[in-house]
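**Q** So you can see what is in the structure, the chains are spelled out below.
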Amino acid sequence: MKKIKLVMVGNGMAGVRTLEELIKISPDLYDITVFGAEPYANYNRILLSPVLAGEMTIKDIMLNDVDWYEQNGIRLHLGKKVMRIDRIARQVIAEDGTTEPYDRLLLATGSNPFILPIPGKDLDGVLSYRDIGDTDAMIAAAGQYKHAVVIGGGLLGLEAANGLKLRGMDVTVVHIMPWLMERQLDQTAARMLQASLEQKGLKFLLQQQTAELVGTPSADGKARVTAVRFKDGLEIPADLVCMAVGIRPNDDLAKSAGLHCNRGVVVNDTMQTYDPRIYAVGECANHRGTAYGLVAPLFDMAKVCANHLACLGIARYQGSVTSTKLKVTGIDLFSAGDFSGGEGTEEILMHDAVGGVYKRILVKDDRIIGSVLYGDTVDGSWYFQMLREKQNISEIRDHLMFGQSHLGNAGHQGQSNAASMPDEMEVCGCNGVCKGTIVKSIKEKGLFTLEDVRKHTKASSSCGSCTGLVEQILASTVGGAYSPQQNANKPMCGCTEHTHEEVRKVVREQHLITIPSVMHFMEWKTPNGCASCRPAINYYLLSTWPHEAKDDPQSRFINERAHANIQKDGTYSVVPRMFGGVTNSSELRRIADVVDKYKIPTVKVTGGQPIDLLGVKKEDLPAVWNDLAMPSGHAYAKALRTVKTCVGSEWCRFGVQDSTQMGIDLEKAFWKMYAPHKVKFAVSGCPRNCAESGIKDVGVIGVDSGWEIYVAGNGGIKTEVAQFLCKVKTAGEVLEYAGAFIQLYREEARYLDRTVHWVARVGLDYVKQRVLEDAENRKALYARLQYALQGEKDPWAEAVRSADKHEFEVLTA
Amino acid sequence: MNAHAISISPAQSPRQWVKVAALQDIPKLGARVVKSTHGDIAVFRNAEDEVFALRDQCPHKGGPLSQGIVLGKTVACPLHNWQIGLADGQAVAPDEGCTGRFAVKVAEGMVYLEV
Chain C
1 MKKIKLVMVG
11 NGMAGVRTLE
21 ELIKISPDLY
31 DITVFGAEPY
41 ANYNRILLSP
51 VLAGEMTIKD
61 IMLNDVDWYE
71 QNGIRLHLGK
81 KVMRIDRIAR
91 QVIAEDGTTE
101 PYDRLLLATG
111 SNPFILPIPG
121 KDLDGVLSYR
131 DIGDTDAMIA
141 AAGQYKHAVV
151 IGGGLLGLEA
161 ANGLKLRGMD
171 VTVVHIMPWL
181 MERQLDQTAA
191 RMLQASLEQK
201 GLKFLLQQQT
211 AELVGTPSAD
221 GKARVTAVRF
231 KDGLEIPADL
241 VCMAVGIRPN
251 DDLAKSAGLH
261 CNRGVVVNDT
271 MQTYDPRIYA
281 VGECANHRGT
291 AYGLVAPLFD
301 MAKVCANHLA
311 CLGIARYQGS
321 VTSTKLKVTG
331 IDLFSAGDFS
341 GGEGTEEILM
351 HDAVGGVYKR
361 ILVKDDRIIG
371 SVLYGDTVDG
381 SWYFQMLREK
391 QNISEIRDHL
401 MFGQSHLGNA
411 GHQGQSNAAS
421 MPDEMEVCGC
431 NGVCKGTIVK
441 SIKEKGLFTL
451 EDVRKHTKAS
461 SSCGSCTGLV
471 EQILASTVGG
481 AYSPQQNANK
491 PMCGCTEHTH
501 EEVRKVVREQ
511 HLITIPSVMH
521 FMEWKTPNGC
531 ASCRPAINYY
541 LLSTWPHEAK
551 DDPQSRFINE
561 RAHANIQKDG
571 TYSVVPRMFG
581 GVTNSSELRR
591 IADVVDKYKI
601 PTVKVTGGQP
611 IDLLGVKKED
621 LPAVWNDLAM
631 PSGHAYAKAL
641 RTVKTCVGSE
651 WCRFGVQDST
661 QMGIDLEKAF
671 WKMYAPHKVK
681 FAVSGCPRNC
691 AESGIKDVGV
701 IGVDSGWEIY
711 VAGNGGIKTE
721 VAQFLCKVKT
731 AGEVLEYAGA
741 FIQLYREEAR
751 YLDRTVHWVA
761 RVGLDYVKQR
771 VLEDAENRKA
781 LYARLQYALQ
791 GEKDPWAEAV
801 RSADKHEFEV
811 LTA
Chain E
1001 MNAHAISISP
1011 AQSPRQWVKV
1021 AALQDIPKLG
1031 ARVVKSTHGD
1041 IAVFRNAEDE
1051 VFALRDQCPH
1061 KGGPLSQGIV
1071 LGKTVACPLH
1081 NWQIGLADGQ
1091 AVAPDEGCTG
1101 RFAVKVAEGM
1111 VYLEV
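Chains as they are written, first to last, in our numbering: chain C, 1 to 813; chain E, 1001 to 1115.
Hints listed in this document are in silico derivations from the structure and should not be mistaken for laboratory results.
Each computed DSBU-like pair below joins lysine-lysine, with the alpha-carbon atoms no more than 30 angstroms apart:
id: 1; chain 1: C; residue 1: Lys568; chain 2: E; residue 2: Lys1028
id: 2; chain 1: E; residue 1: Lys1073; chain 2: C; residue 2: Lys550
id: 3; chain 1: E; residue 1: Lys1028; chain 2: C; residue 2: Lys805
id: 4; chain 1: C; residue 1: Lys568; chain 2: E; residue 2: Lys1073
id: 5; chain 1: C; residue 1: Lys490; chain 2: C; residue 2: Lys24
id: 6; chain 1: C; residue 1: Lys24; chain 2: E; residue 2: Lys1073
id: 7; chain 1: E; residue 1: Lys1061; chain 2: E; residue 2: Lys1035
id: 8; chain 1: C; residue 1: Lys568; chain 2: C; residue 2: Lys793
id: 9; chain 1: C; residue 1: Lys805; chain 2: E; residue 2: Lys1105
id: 10; chain 1: C; residue 1: Lys3; chain 2: C; residue 2: Lys255
id: 11; chain 1: C; residue 1: Lys200; chain 2: C; residue 2: Lys440
id: 12; chain 1: C; residue 1: Lys672; chain 2: C; residue 2: Lys599
id: 13; chain 1: C; residue 1: Lys617; chain 2: E; residue 2: Lys1105
id: 14; chain 1: E; residue 1: Lys1028; chain 2: C; residue 2: Lys793
id: 15; chain 1: C; residue 1: Lys490; chain 2: C; residue 2: Lys390
id: 16; chain 1: C; residue 1: Lys490; chain 2: E; residue 2: Lys1073
id: 17; chain 1: C; residue 1: Lys805; chain 2: E; residue 2: Lys1073
id: 18; chain 1: C; residue 1: Lys24; chain 2: E; residue 2: Lys1028
id: 19; chain 1: E; residue 1: Lys1019; chain 2: C; residue 2: Lys805
id: 20; chain 1: E; residue 1: Lys1073; chain 2: C; residue 2: Lys455
Using the sequences plus the hints, can you model the full thing?
**A** Right under this line is the structure:
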C-alpha cells in the first residue's frame, strides 16, 4: 500500500512529540517529511535557561538527534524555512525552493518573541530569548560585555536575567508592572521573589516603561546598543538588551495560506484547522480562544493530534489548566490557576516572612481555584491536581495548608523537600534510586512524565510512597514542562483510553462476562491486554457478575493462581487461616509435621497473627495443603486477609466485649471474599484497642454499650488513621454495616485501590449516605455480598481435590 | 516422581528434539516448567497457540518467568514486572537484559524442545 504523505512544518517540541505519539500507535501509515527553520534537530527549549546559566550544555538538552529521524524513516530538512503553502496543489515550498507535496500537513511553527516597537530595536546587542541562536549570542556577549538589561519581569525574563548574572554580567530587570510575574504571582509572593533575586545580585526597575534603546556606531558601521532610556528620562548603561516581554503565536505562514487565524491558527478539539487536511499543534495553535505558551498543554495536544492523524478518531483536546514553576536554582516558586481573589472566593493563607515561606490557596464553592506557593512548593502538585479535578476539599480543608505529607510516609528518611536533598541521597527506598540518578535520567533521556521516570529509573515504581518526591524532582528539572498526572480521567493502562469507571460501567450495562468480550467491546489496542488491565477486568467481571462470570486464572497474578505467595527465590509461602487468630494443639501439631515433612526452612508468625511457612516448593503446595487440612489464609490474594483480634472480655480484665468471637464471626462470614485490593479487619474488646483497629480497612472497637466501627484505615505505605463510621449495638449489626461498607468498596473502587484511596476519592459522606442513611441500600449491599460469597470454595481444598496439574506439576526433559 | 510427570532420559549432546508435553497441557496464555540438564526451561503458549521456550530466569533478579502473565509475545516477570520478549528473550526497553532461548516446535499436537 502506498503511504500517505505527512509534512510537518516546524521542528520543535510539540511537533516532534506528535510524531513520536503517531509512530507509537501507527508506525507505517505515513511517509513523513519535516521542515525545521533552525539548524538543529529537536531540543528541549525549556532547558535553554540552565544552558544560559551554565548548568547544562546544548548536547544535554537534545531530545531527538538526527539519527532518530533517520531510524524512523523521516525526511528532515534542517535550516529550511517554509515560505508558502499551496493548498490547491497540496504542497509546501521552502525558502530555497524545496517543494514537498502533502496529503496531510501539520503546522507546528511555535511562537515568535514580541519585539517592542521602539527606536533602537534593531541595534546590535538587542536580542530576544527564544532559541539556541539567542542563547549562544547571550553567552558570547556575557564574555565580552558588562551591562545587561532584561526587559520583561516574567518567567522568561527572570530566567534570562539569572543566567546572565551567573555568566558574570551586571543585570537589571525592567518591568512595566508594579510587581514581577504579575500573571503568575500575587504581590506578596512577587516581593519575596524579588528580594531573593536581589540577594543574588540582580537589580530591578519596576513600573518603568522603555522609551528608546540608545546606540553608538562602531568601527564596522553597525551600531551597538549602549544604553536604555525610559519614559521618565532615566537612562541606564546597556551593552546587551534582552527583550522578554511576551510571545506571539507564529501564524504568518498559515495566514498567508488563507487559513483562519486569530492570535494563532484556529483549531478544533481534534487539533484540525479550517482546512481539514491541515492540523496545528503547540504554541502556534489557538484552541478555544487560548494560545498556550507552556509545554505541558502541548503534549496533551500532541497526543490528541496523533490519534486523529492515525485515523483512530477517538481523542479530544479540551483545553488545559496550567501551572508555573520558575527554574532558577535555589528559588522555589509555584503557581496555578486563578489567584486574583474576588467575589465568592475564600483565601487560606500562611505567611512566614522571616522563614521565607508563603502559601496561598484560593477556594471557591469548596474547590481550589488557584494557588501560589513560595519557599515551600512540596504540595504544589497536590493542589494542582485537586484544582484540575475540581475535587471537593471541604473534608480536608482544616489541614489542606499543611500538605499531603503524612507521618507514616516511610522509606526516604522523612524527606519531604526534594530541592534540599543532596544528589547522593536515596529517594526510592524500594529500588535504591538516589536523587542524582533521577535528575541525570530526566535530563539525558528527555523524560517529562512520572510514568517515564518510573520506567527508566524504577524510582517510585514499587510501593509509590516517594511519588511526591519524584514529582518534585521532575518539576524542578523540567519546570513548566511537567504536568502532574491527572487521576480523574486516567486511562486504565496503555492498552486503552478508557478509565476504570468506564470499564466497570460497560461490564455492568452490557452484561459482559468474559475478558475478550470486554476488550472487543471497548476496542482494546493490544490483543491480550497487559499485566495491569487483565487482572483488573477479571476482578470487575467476577465482582459484577458473581456465579456467572468465570474466573480466568491466566489473568491473575501468580500468587492468586497458585494460592500462595511467590518469594524472591521462586519458592512460595503458605499461610493457613486461623479464624480470629485462634488455633489449637491439633492444628499446631499438623503445622509442625508439615514443616518437618516438606523441610520448610522458615516458620514465622505474621503481622496479622497467623503462621507463615516460607520456602515451600511450588510442586509441593497441593500436598502441603492436604496435610495441613486447614483452610487458605488468602495471604496471597486481593481478598480478606485476616481479622486481627485482642483477647476480649472472655479473659481480659479490661475487656467489655467478646472481641475474639466477634472476629471469628466476621472472618467466617467474609473469608473467601475477593476485593479490589487486600482487606484487613481488626476487632478490639475495649477502647485500649490492642488489635490496632485504627489502621485497618474495617476496625471494630468494643465499648460497654456496643461496637464502634471505623473504616478506611491503613498501616502500610502511608499510615492513615481509620475514620469513624458509626456505632451499633449488636454483633449482627456489626456484620451488616461492615459487610455493606466492604461490598460498596467491592462494587465501586478501582482495582488496586485500598479502602483508604477509594474513600479519599469519593468522600466519607458519600459512604455514610449509602451505608448509614439509606437502610434499604445497606441491606441490599449486604445481601449482594452474601450472594457473592455463597458457595465460594476454599481454593486450597479445590486445588487438592482437582489436582490442577497444569499449575503445579513440573515436566522433565 | 509424580505420576503425571512426563519423563525423558537425559539429553545426549549434540542437542536433540525431545517430546515434553501435549500442546493442550500448556494453558493458553500460560506456561509449564520443564526440568532439564540445562536447568529449568519455561515453555510458553500464547493466544495464537504459538509456543516459545526460555530459560526460566528473568535477567533482572532471576524470577521464574514461567509464573508470569503472558500477553502477546511477551511475559511479565512475576517478581518485578519486567517484560521479556518470548521470541528473543530480550527485556523490553527501557529495561536491558536477555535470557537464553531454546528451540521449540509443535508437531501433531505435541510440543518438542531441543535440548
